[in-house]
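Enquirer: These are the residues of each chain, in order.
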Amino acid sequence: MSETELDNLLNTWTTPDPPPSLRGRARAGYATLTHKPRRRFRLSFWMTLGFAALLLILTAALPKTVELVVPAQKIPYTVDTDYTTFMRDGTVHELRMTTYMRNGVEIFLARTPVQNYPAAGNRLWPSVLNAFSLVFSSVDPRQWAEFVASGCISDHGIGLTEPWVRHGDAARAVGTVVGHETILGYRTTVTEHVMPSGDVGHALKDGRIITLWQAPDLGCFDLKMVHEEKNSDGTHRLVEERHAIRVTVNP
Amino acid sequence: MREKAFLELFDDHHAALFRFAYRLTNSSADAEDIVQECFLEILRPGNSYDPQRTPIRTYLYGVVRNQWLKRRRNSSTAGPAPDPIDRRSPESDLLADEARDAIVEAIGTLPDSQREALILAHYEQLSLAEIASILEIEVGAVKSRLERARVRLRETLSAYAQPQRSPR
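Note that the protein sequences, when read in sequence, are chains A and B. Quick note: the first sequence uses my numbering, first residue 186, plus one each step. Quick note: the second sequence uses my numbering, first residue 811, plus one each step.
Keep in mind that the hints were calculated from the coordinates and are not lab data. Some hints here could point you the wrong way.
[Stated by the list, open to error] Partner residues aside, some chain A positions facing chain B, computed with beta carbon under 7 Å:
1. Met186
2. Leu191
3. Leu194
4. Leu195
5. Thr197
6. Trp198
7. Thr200
8. Pro201
9. Pro203
10. Leu207
11. Arg210
12. Ala211
13. Gly214
14. Tyr215
15. Leu218
[Stated by the list, open to error] Listed next, the stretches of chain B that the computed footprint assigns to chain A, with coverage defined by at least 3 CB atoms under 8 Å from CB atoms of chain A:
16. 818-831
17. 847-858
18. 913-920
19. 958-964
Note that the Cβ used here is the ideal one computed from N, Cα and C, for glycine as well.
Using the sequences and the accompanying hints, generate a full structural model.
Expert: Right, here's the structure in full:
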């Protein structure tokens with residue numbers, strides 16, 4: 186038998202066509218294999234649950250945040266303040282803000298850059314600042330009440346409101362009452378806090394002077410503040426200052 | 811893989827795969843099952859198909875072969891009953907039917923290694939390289955198996971030698 190004869194003989198073995206149902210079977214198999222069971226809970230459900238859990242943890246761990254969300258007391262007054270920072274390179278940053286004092290913590294209601302204020306600062310929401318202040322402030326309301334009752338002349342006034350002073354060197358944060366002044370119709374106590382050169386406090390060092398004009402009738406709100414630093418030649422350089430431009434009672 | 815692409819793949823290859831499976835099993839039912847399983851295999855995560863290394867046709871033939879081997883291993887009997895032959899043809903075709911039966915039987919008695927090589931080469935007209943890839947052997951081994959298969963078939967089918975028509 187030749188190769189051709191064998192090929193011809195082999196060619197007589199034909200096969201049936203595949204049944205049309207085969208395509209339907211394959212399609213059904215595809216549907217079975219690619220079918221994904223519906224998730225019992227959607228992703229949004231878990232995200233909501235996670236957020237709720239986070240909120241619960243935050244409020245449980247940091248009760249002060251509740252005060253931020255639901256103010257416990259009516260805002261008694263607001264103060265519009267111009268705040269200016271003088272940089273070493275001569276740049277001046279200006280900011281206008283509306284705030285009030287609650288138990289020694291300054292609560293921001295509005296914050297508007299006036300000129301050259303850093304972009305990062307512009308984007309900071311007052312609520313973020315408030316959250317930071319409330320969460321990280323450890324002002325004791327009772328001590329603050331005593332400070333206000335004293336007419337803002339207690340030795341530890343600045344130590345109560347400025348943690349870096351308190352933690353740096355509380356003894357040197359003691360203020361000296363240098364007088365009284367009326368600002369926008371409110372009597373203020375003027376205290377000067379001198380930080381000697383060589384002080385190792387966190388932020389107040391190298392001979393800085395902070396002068397505060399605090400109004401007892403406004404919960405010792407700083408209606409004015411001047412912050413200077415001492416140069417090596419003995420002269421002083423203005424670092425920052427703030428002064429109130431309007432007080433609104435029962436806003 | 812989207813359903814449309816899957817069905818296009820099916821339409822392009824299922825007929826050839828069915829022929830191959832049918833000639834391996836000599837059973838339409840088994841051939842259907844094998845072809846269906848073959849196409850579902852490429853949907854399963856972790857399948858071995860690598861389009862960078864293997865053409866899809868070669869891969870699919872390989873899956874059919876593996877399914878056939880798997881069925882043979884799992885089968886406790888000699889295999890499924892072959893499809894019944896329709897013998898209602900005219901008397902003039904009886905001789906051709908007899909020859910075809912002899913061919914089926916002769917191919918069926920070949921060793922598996924020779925049978926699959928012969929089917930892929932003669933009926934599916936695949937190249938030696940493709941067959942080597944499907945059977946996972948060297949091209950030389952494919953040639954050797956084909957040669958041995960044809961020698962054996964020539965001996966077995968010598969009585970039926972006469973010019974015939976093309977397959978399919």
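Enquirer: All the hints need checking, so say for each whether the structure fits it.
Expert: Hints and how they fare:
no., hint, verdict
1, Met186, "holds, 4 Å"
2, Leu191, "holds, 6 Å"
3, Leu194, "holds, 6 Å"
4, Leu195, "holds, 6 Å"
5, Thr197, "holds, 5 Å"
6, Trp198, "holds, 5 Å"
7, Thr200, "holds, 5 Å"
8, Pro201, "holds, 6 Å"
9, Pro203, "holds, 4 Å"
10, Leu207, "holds, 5 Å"
11, Arg210, "holds, 5 Å"
12, Ala211, "holds, 5 Å"
13, Gly214, "holds, 5 Å"
14, Tyr215, "holds, 5 Å"
15, Leu218, "holds, 5 Å"
16, 818-831, "holds (count 6)"
17, 847-858, "holds (count 4)"
18, 913-920, "holds (count 3)"
19, 958-964, "holds (count 3)"
Hint compliance for this structure: every hint is met.
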